[in-house]
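**Student:** Residues per chain are reported as follows:
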Amino acid sequence: MYFENLAAALTMDGHGLFVWPAYLIAVLVIVTILIRPWRRQRKFLRLKSAELKRQQGGPSSIEEVI
Amino acid sequence: MWSFFHKFGSPPWLYRIAGSILRWLLPITLVALSVGMVWGLLFTAPDFRQGNSYRIIYIHVPAAAVALAGYYVMAIAGAVSLIWKMKMADVAMKACAPIGAALTFLALVTGAIWGKPTWGTWWVWDARITSMLILLFLYLGVIALYEAFDNKEAAGKACAVLSLVGMVNIPIIYKSVDWWYSLHQPASIKLSGDSSIDPSMLYPLLLMIAAFYGLFTCCMLLNMRAELLERETRTNWVKKLALAGRR
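Sequence lines, in order, name chains A and B. If you want our numbering, it's the position in the first sequence, counting the first as 1, plus 209. If you want our numbering, it's the position in the second sequence, counting the first as 1, plus 33.
Please keep in mind that the hints were generated in silico from the structure rather than gathered at the bench. Just so you know, not all the hints are guaranteed correct.
[To be verified] Just a sample of chain B residues kept apart from chain A, beta carbon distances all over 10 Å, derived:
| hint | residue |
| --- | --- |
| 1 | M70 |
| 2 | N85 |
| 3 | I132 |
| 4 | S164 |
| 5 | L169 |
| 6 | D183 |
| 7 | N184 |
| 8 | K190 |
| 9 | H217 |
| 10 | S229 |
| 11 | L255 |
[As the list claims (entries may be wrong)] Covered stretches of chain B (in silico footprint by chain A; criterion: 3 or more residues with CB under 8 Å from a CB of chain A, positions within the stretch not fixed):
| hint | stretch |
| --- | --- |
| 12 | 145-155 |
| 13 | 171-178 |
| 14 | 199-209 |
A virtual CB, placed ideally from N, CA and C, is assigned to each residue, including glycine.
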């Protein structure tokens, strides 16, 4: 490691205030663009599966019961 | 060649092949991103002029480079969709827009953060930054235009035209530092000739650029898989997939 200790790595001679937030924002953006489509796919498959099971297992809506 | 195009036009094949690629590309990308970030943050020496603030380069430059390359991918997919009416190209085009917008946003924000200790200002209306802001608006425009239409075929056509027209901005961004006076320095990494950056700083940067290309590809494939499922919701292969509980 270039820095002598953790405190030096955090402060970076006064530039830590700029560098660390930039990396934090980068991590947040990366996680967001990876998670969003994955969650969208999972949600779709869960809803689709429930819809298909409902169709197979009996009436799918209250109107059909009435 | 034609058999590839034939297969590429098949949603279940594309969904499956995207899943196979993601299984190895995603872990490699995540490892490369982690190694590149730690390397750039903690193990490289500071720049003799900018000090430690230059470490933002390991986020800023890869994000900007891939945001630009992503626009080419989106525009080419748009052209293919427009000319050959290939629906999967339309899916690819739509998948690129949110990733490109996110990476352009990241490049602008990290650029602003880097600008404060280096130039003494968060923002300046120079050619490079302004044309990058236009790139963000182009990406957002494609996303908004897609949502504005009820008819998705018409939406795809309009977005393809917008992305093709927006292509004119890409060479302007690349050459802006040469054509106009700018606070940005000219390119430090050159494909032909020696780069003006020390190898100890260059290697983690190249790793991060590769990792961001991997990230773009992974996100694009993930977006395409989600989009394919929604478009093909009434088909048997999607029903089988949902009932099997497979991801």
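**Student:** Taking the hints in turn, state whether each one holds.
**Tutor:** Hint by hint, here is what the structure shows:
1. Chain A draws M70 of chain B into its interface by the beta-carbon criterion, the shortest separation being 6 Å against a cut-off of 10 Å.
2. With a cut of 10 Å on Cβ distances, N85 of chain B falls inside the contact zone with chain A, its closest approach being about 4 Å.
3. The Cβ of I132 of chain B sits about 6 Å from the closest Cβ of chain A, inside the 10 Å cut-off, so the non-interface label is violated.
4. Taking the minimum C-beta to C-beta distance to chain A, about 21 Å, the non-interface status of S164 of chain B holds against the 10 Å cut.
5. At roughly 13 Å, the least C-beta separation between L169 of chain B and chain A is larger than 10 Å, which holds for a residue marked as non-interface.
6. Every beta carbon of chain A lies more than 10 Å from that of D183 of chain B, the smallest distance being close to 20 Å; the non-interface claim holds.
7. For N184 of chain B, the non-interface assignment is confirmed: its Cβ lies about 22 Å from the closest Cβ of chain A, beyond the 10 Å cut-off.
8. At the 10 Å boundary, the C-beta of K190 of chain B stays outside the reach of chain A, the nearest C-beta of that chain being 24 Å off.
9. Its beta-carbon lying about 17 Å from the closest one in chain A, H217 of chain B satisfies the requirement of being farther than 10 Å from that chain.
10. Non-interface status of S229 of chain B relative to chain A is upheld: no Cβ of that chain comes within 10 Å, the nearest being about 21 Å off.
11. The claim that L255 of chain B is not at the interface with chain A is violated, since a C-beta of that chain comes within 10 Å of its own (minimum 4 Å).
12. Three residues within the 8 Å Cβ limit are the bar, and the stretch 145-155 of chain B against chain A gives 4, so the coverage statement holds.
13. Chain A is given as covering the stretch 171-178 of chain B, and this is violated because 0 residues of the stretch bring a CB closer than 8 Å to a CB of that chain, at least three being needed.
14. Under a criterion of three residues with beta carbons nearer than 8 Å to beta carbons of chain A, the stated coverage of the stretch 199-209 of chain B fails, only 0 such residues being counted.
Checked against the numbered hints above, the structure breaks hints 1, 2, 3, 11, 13, 14 and satisfies the rest.
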